[in-house]
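*Asks:* One-letter residues, chain by chain:
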Amino acid sequence: MAVRISIRTADYDVEGQMAQQSTPPQWSTGKSPLRHGDVPFRAGTVALASAVVLLVFAVAWMLYTSSQEARTAFGWDLLFGSTWNPVETELNPVSFGGWPAVRGTLLSALIALIIAAPLAVAIGIYLAELCPLALRTPLSFLVELLAAVPSVIYGVWGVFVFVPFFSSTVAEPLSATVGAIVPWFAGPIATGRGLIVTGIILALMILPTIASLTRDVLRLVPNTQREAMLAIGATRWETIWLAVIPYSRAGIIGAIMLGLGRALGETMAATMLVGNTQRISESLFAPATTAASLVANELTNSVGSLHESALISVAFALFGITLFLNFGARLLIWFVERSSRGGRS
Amino acid sequence: MERAMTLTRGIGFGELVGQRVKTGQLAAVDQNKIELRNFGFHYGAFQAIRNVSMSMPAHRVTAIIGPSGCGKSTLLRSINRMHDATEGARAEGELRLDGINVYDPSVDSVLLRRRVGMVFQRPNPFQLSIFENVAYGLRVLGIRNRKTLAERVEQSLRRAALWDEVKDRLHSSFGTALSGGQQQRLCIARAIATNPEVILMDEPCSALDPIASLKIEDLIYDLREQFTIIIVTHNMQQAARVSDITAFMLMNREKRYGELIESGPTDELFTKPSDKRTEDYISGQFG
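Residue numbers (the numbering used here), protein chains in the order written: chain Y, 19 to 363; chain V, 9 to 295.
FYI, nobody ran anything at the bench for these hints, they're computed from the structure.
Glycine residues also receive a C-beta, built at the ideal position from the N, C-alpha and C atoms.
Mixed in with the good hints there might be a few duds.
[As the list claims (entries may be wrong)] Okay, derived cross-link-like pairs now, SDA-like style, lysine to any residue, Cα gap no bigger than 25 Å in a straight line:
1. K223/V / L260/Y
2. K284/V / R261/V
3. K155/V / R130/V
4. K175/V / V71/Y
5. K155/V / P43/Y
6. K223/V / E245/Y
7. K263/V / Q234/V
[Claimed, not checked] So, partial list: chain V residues that the calculated Cβ filter (under 8 Å) puts toward chain Y:
8. N88
9. M90
10. N132
11. Q135
12. Y144
13. G145
[What the hints assert, rightly or not] To spell it out: a stretch of chain Y is covered by chain V in this simulated footprint if at least three of its residues, at any positions, have a beta carbon under 8 Å from a beta carbon of chain V; those stretches are:
14. 164-171
15. 313-323
Could you build the full structure based on these sequences and the hints that come with them?
*Replies:* Take a look at the structure:
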């Protein structure tokens, strides 16, 4: 033992310096044999990530340039004008006012959100917090399956089953009674297609998206938060409402915003159900249009370059709305997160 | 027969089963607050603890010690039925609080937990202000009056020895922004705010540094005047320092369930244990 110690002190005591080796060891040559992979991997991921960003800019640029013609001709009327008339007649000059479409998009998405958000969050809460374990996986799977159903199927079901049912049991009685006072529910109900049925079907479509995301977000809440609440004598309901949901507020808002994004851009089901009429009617039962369905309907058989350019302007507006709402959602989430994470004052 | 006796004898029985009976009189010092008789606990097919019989006296600190996996946390959590939401969790035998078996179907676990508070291994404050962290439990109890809330919050923070450190930022600072030791004292304040009779502590110092741990230990010692405290700890010195009664648990090697080896006054258990296994454990020979 003593011998060993004396050897070690001798090692270090040579002039108080470490021994210098003539050739540096491999790990200090600056050329590691292990890291060939890092450079190309890094370059590859950077390239792919920037491609996504570039794609968004490319789409925006295309929309901007292709809508130039209509935008110089009509200006803000493309967004806020209310007459859409692509074919010139003696009485009506050509006019491209996109307001019915923009308004229809916003209203149908809003209706969808009002119906779907509370229901979907409730479903998410059930799946994450209350559902027996044996049921959780099959139920979650079914909810996700609902998100995978193509929108044309929802459209077909809406046209043949939901619209007739809704017209006879809800729209007609409602317009006959409340409709006289509240213009939203005014008659007449002709085809039954309009913003409200579109909104309801859109609600069905975004329901699974919001529900399964809400469930995922709630599962991430640490169990210690639930236990803390239970231990002070809270009921199951109080635990969920006062501890679990506040903790995951930002995530739930994010889930709802993702659903909103889907509702705004949904084309097929909206085209089949909205009635495709370029008119602004106070009544939610009256046929209307949305930006996505307007573009989808008219772009393939547009009557000239100005018409085409006007439709691209509407698409540009839709692009702007979704971008703007997503940005707003980010801000909201950031704000909620910041105010609930807390910091020293 | 025995059940009928406990019905008449039990303190605060009415509240446990949902009737409104005036309670709150302090139990006599040498009375047993909690009694276990052949108590066992299962998670589905797995038996976590088996055949535990012991008493935990009122206004004393009872420490449960033992190596990892011996079932001490399970035992602690079965006192306030924390496992209720766990599927397949099941108790056997008796666990009596003031003479009432807490696993009796007539016992409401929410009302039970209002009498048996809990402090966890990791400090788990809510993402709320310091004030709200303590007031949350009171709000759950239905207390809405601002003045009462403010008084009870101050009182609880004082008893948890945290008041002086946070009194200037009760509303402006979040509970989650405090240091680990402060967070744990905040959790203790939250637990005592609702005025329970028993406080369960599941390794309350294991995530804290030694100085913060000592503060909590001092606090535990003071709190027993008012509460009955059951503490699980893997730190034997801590058990020796804070507890009056110590219970030693161990996992049965063949059958894999946790069992109680012995329990008794802390000084006796640490100086002259009656079981060889206890002696081995406290002298550091295994575990």
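*Asks:* Give a verdict on every hint.
*Replies:* Results of checking the hints against the structure:
1. K223/V / L260/Y: 30 Å, violated
2. K284/V / R261/V: Satisfied, since the Cα-Cα distance of roughly 15 Å is no more than 25 Å.
3. K155/V / R130/V: Not OK: K155/V and R130/V at ~31 Å, beyond 25 Å, violated.
4. K175/V / V71/Y: Judged against 25 Å, a Cα distance of about 49 Å means the pair is violated.
5. K155/V / P43/Y: Distance ~72 Å between K155/V and P43/Y Cα, so the pair is violated.
6. K223/V / E245/Y: 24 Å, holds
7. K263/V / Q234/V: With Cα atoms ~39 Å apart, K263/V and Q234/V exceed 25 Å; violated.
8. N88: 7 Å, holds
9. M90: 7 Å, holds
10. N132: Given a least distance of 4 Å, the restraint on N132/V holds.
11. Q135: 5 Å, holds
12. Y144: Given a least distance of 7 Å, the restraint on Y144/V holds.
13. G145: 4 Å, holds
14. 164-171: It is violated: at least three residues are needed, and the segment 164-171 of chain Y offers just 0 whose Cβ sits closer than 8 Å to chain V.
15. 313-323: violated (count 0)
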